[in-house]
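Asker: Sequence:
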Amino acid sequence: MSDNPEFSHSPDFSHNGIRDDLTHSVAPPLFYLHVDRMIAGCMRNGHPFSLIDFTLPSDGTSQQVLDLAHSISLSMRKEDLCGRLGRYQFNVALGGDIRAGQELCKRVRASLLSEVTTHSAQWEKGESALDLFYRLDQLSEI
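If you count the sequence shown from 1, you need to add 12 to reach this note's numbering.
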């Protein structure tokens, strides 16, 4: 944890439509567009695709948000994409089945000092991006 007072308060969530201002992760509009494109590709080639959700507790600090973003960035593959979708929430879109997502979750959790909740969902044939995000949200409410 940093002693810098700038990182002791609740992290802001703002973006320019492309990148998050704090973490430089992909902003929601670009992330959703990427997920739509990945689903279109999976519909053509039949390859699996998964979404992984990482959420910090609502009392998290800016430093914890930065630490999580950094850990995800170091743990994921170059072809995967991480988006900051909320103040304490990141999603990773990755080509691969649910096992690949679970491995990513393990690597990220092992590298963090703070608590993080993770959920993963694999795209099902014919499922829209909205349905996939909804299903992922339902997992986080359990």
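It should be emphasised that the hints constitute simulated quantities derived from the structure, not laboratory data.
Glycine included, each C-beta is placed from N, C-alpha and C at the ideal position.
Heads up, some of the hints might be wrong.
[What the hints assert, rightly or not] Label-pair restraints from in silico Cβ distances:
{"#": "1", "residue 1": "150", "residue 2": "28", "range": "25 to 33 Å"}
{"#": "2", "residue 1": "58", "residue 2": "30", "range": "24 to 32 Å"}
{"#": "3", "residue 1": "111", "residue 2": "33", "range": "19 to 27 Å"}
{"#": "4", "residue 1": "91", "residue 2": "30", "range": "16 to 24 Å"}
{"#": "5", "residue 1": "110", "residue 2": "26", "range": "17 to 25 Å"}
{"#": "6", "residue 1": "33", "residue 2": "114", "range": "26 to 34 Å"}
{"#": "7", "residue 1": "69", "residue 2": "137", "range": "12 to 20 Å"}
{"#": "8", "residue 1": "55", "residue 2": "111", "range": "19 to 27 Å"}
{"#": "9", "residue 1": "149", "residue 2": "46", "range": "26 to 34 Å"}
{"#": "10", "residue 1": "55", "residue 2": "127", "range": "30 to 38 Å"}
{"#": "11", "residue 1": "56", "residue 2": "28", "range": "28 to 36 Å"}
{"#": "12", "residue 1": "52", "residue 2": "24", "range": "27 to 35 Å"}
{"#": "13", "residue 1": "152", "residue 2": "48", "range": "18 to 26 Å"}
{"#": "14", "residue 1": "138", "residue 2": "71", "range": "36 to 44 Å"}
Asker: A separate judgement is required for each hint: does it hold in the structure or not?
Answerer: Status of the hints after comparison with the structure:
no.: 1; hint: 150 <-> 28: 25 to 33 Å; verdict: holds, 30 Å
no.: 2; hint: 58 <-> 30: 24 to 32 Å; verdict: holds, 30 Å
no.: 3; hint: 111 <-> 33: 19 to 27 Å; verdict: violated, 34 Å
no.: 4; hint: 91 <-> 30: 16 to 24 Å; verdict: holds, 19 Å
no.: 5; hint: 110 <-> 26: 17 to 25 Å; verdict: violated, 32 Å
no.: 6; hint: 33 <-> 114: 26 to 34 Å; verdict: holds, 30 Å
no.: 7; hint: 69 <-> 137: 12 to 20 Å; verdict: violated, 35 Å
no.: 8; hint: 55 <-> 111: 19 to 27 Å; verdict: holds, 21 Å
no.: 9; hint: 149 <-> 46: 26 to 34 Å; verdict: violated, 18 Å
no.: 10; hint: 55 <-> 127: 30 to 38 Å; verdict: holds, 36 Å
no.: 11; hint: 56 <-> 28: 28 to 36 Å; verdict: holds, 31 Å
no.: 12; hint: 52 <-> 24: 27 to 35 Å; verdict: holds, 33 Å
no.: 13; hint: 152 <-> 48: 18 to 26 Å; verdict: holds, 21 Å
no.: 14; hint: 138 <-> 71: 36 to 44 Å; verdict: holds, 39 Å
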